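The lines below spell out each chain.
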Amino acid sequence: MNAAVLPQPAARPMKLVCPAGTPPALKAAVDNGADDVYLGFKDETNARNFAGLNFDDRSLREGIDYAHRKGAQVLVALNTYPQPGSWRKWQAAVNRAASLGVDAIIVADAGLLAYAAKAHPQLRLHLSVQGSATSHEAINFYHERFGIKRAVLPRVLSVEQAEKVIARTPVEIEVFGFGSLSIMVEGRCALSSYATGESPNTHGGCSPAKSIRWQQRPDALESRLGGVLIDRFGAEDHPGYPTLCRGRFVVNGDTYYPFEEPTSLNTLELLPRLQAMGVAAIKIEGRQRSPVYVETVTRVWREALDACFRDRERFRVKPAWQDALAGISEGHQCTLGAYHRPWK
Amino acid sequence: MNAAASAPRKLPGPVRAVGRRLPRLPASIAFATALNLTLRRKFPADVLDRLEGHTFAIVVEDAGVELLFRVRARRFVPVAQAAEPVLRFRAVAWDYATLAAREADPDTLFFNRRLVVEGDTEIALLVKNTLDTIDIPRTRGILRRVLRAAAPGGS
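In order, the protein sequence lines correspond to chains V and P.
To convert, take the position in the first sequence, counting from 1, and add 277; that gives the numbering used here.
To convert, take the position in the second sequence, counting from 1, and add 9; that gives the numbering used here.
Heads up, a few of these hints could be off.
As the list claims (entries may be wrong) - Which chain P residues face chain V? A few, computed with CB under 10 Å, are given here:
hint, residue
1, P53
2, R111
3, N121
4, E127
5, D129
6, D141
7, D144
Unchecked claim - Some chain V residues near chain P, calculated using beta-carbon distances under 8 Å:
hint, residue
8, A302
9, N326
10, F327
11, K487
12, W491
13, Q493
14, L506
15, P516
16, G604
17, I605
Hint data in this document are derived by calculation from the structure and do not stem from the laboratory.
No experiment lies behind these values; they were computed from the predicted model shown.
From the three backbone atoms N, C-alpha and C, an ideal C-beta is built for every residue, glycine too.
With the sequences and hints as input, model every part of the structure.
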């Protein structure tokens with residue numbers, strides 16, 4: 278779309294929503310200009326349930342204090358699905374988040390949304406990307422039934438499709454701007470269960486560390502998940518996270534990535550359009566990444582969002598931004614993902 | 010700065026030559042002592058308990074040095090030899106220093122094959138994430154100054 282025919286300028290920059298797996302990452306996000314920081318508890322109530330990662334009550338309380346002193350907000354991801362017999366754990370997590378004074382919770386499960394809306398009517402609710410709501414009808418349903426204030430769009434929509442959703446809902450829309458990509462059947466993917474017996478929706482991770490083996494062979498570095506060979510990397514190859522959806526397999530005699538090549542999403546060049554469409558917030562993936570990653574990505578995206586807000590028509594992606602982001606990306610290839618594709 | 014994006018720097022030849030002649034145990038004693046002084050109190054007790062009895066190896070490839078230590082009674086203890094450590098890290102001294110100074114991202118070094126991790130992935134992740142949790146601003150400040158001074162064009 279040509280910037281000259283776009284609607285009136287936005288009243289404020291799009292919000293920058295950054296990941297934090299640890300307190301230093303939270304500080305890095307806040308110090309470098311995040312509006313919102315999202316994080317999780319140390320258990321399977323969130324989709325980055327990895328050893329040593331995430332927050333207990335004390336570190337979350339300190340993190341909220343730090344963020345609020347500097348004008349940022351803290352969102353807690355409770356974005357996995359309670360299982361029969363474990364409902365109370367998810368319910369307790371909602372209560373913990375509310376009592377610690379978080380600014381919003383990010384939830385996928387409709388039952389958990391219903392509980393949170395009833396038990397904590399003042400608590401702001403965001404619909405997680407794991408909720409897999411790709412249409413305005415679905416998002417408006419969650420708004421009417423549970424009062425959600427923001428929804429995170431799954432990474433399967435083109436820009437045109439996202440624009441139509443935004444035009445037909447009163448709910449703030451958050452979209453992914455940067456980070457690792459997978460096949461993005463968010464909230465509905467059980468692929469890893471075939472190799473590990475666990476899925477991100479139930480246990481909070483699609484490549485649980487206990488199932489991963491890296492082995493250096495004379496000719497290649499091999500990665501395995503639950504015993505399944507995911508990929509072999511020669512001396513010049515760049516390994517990525519070993520998930521089934523980014524595995525390289527032999528299919529009918531050809532060896533290739535049948536699901537998806539390991540790439541990273543980077544939508545800097547789409548910012549003027551996303552702003553004009555009325556996108557409320559841009560999400561950065563990577564709660565499993567280090568404080569250095571969070572610092573680098575937050576700094577670049579803060580600068581880019583502010584530049585876009587100041588003058589959308591003259592906005593240009595700076596090579597220095599792309600260099601900084603390419604240096605920390607998985608797969609060393611950046612794409613626009615589903616935002617730009619010829620088929621719908 | 011994202012040091013991982015820049016090219017790796019190797020130790021000068023004379024330093025490498027000295028490193029290769031160093032006996033392993035004194036180097037491991039010095040390293041374990043440094044860990045106890047800087048990191049031990051910052052490590053959560055439950056994490057040290059998880060690591061109890063395990064041996065770790067840090068290979069500084071350009072120095073030709075392998076540092077070995079074990080976690081015992083919540084302390085880092087030097088080890089002369091280990092049949093097979095639970096984890097072995099391989100990288101050059103510069104990359105270890107940039108990681109310790111929090112100037113490089115460990116996943117990026119791993120994607121670039123500059124940090125090799127062999128062994129138990131779950132323990133590796135626990136160690137990585139715990140190190141990411143620890144704030145040691147004074148030590149990191151000193152390291153950053155040393156790195157800047159050592160970098161080409163540094164003062």
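Notebook entry, point to check: Broken hints, numbered, in rising order?
Noted result: Failing hints, ascending: 9 and 14.
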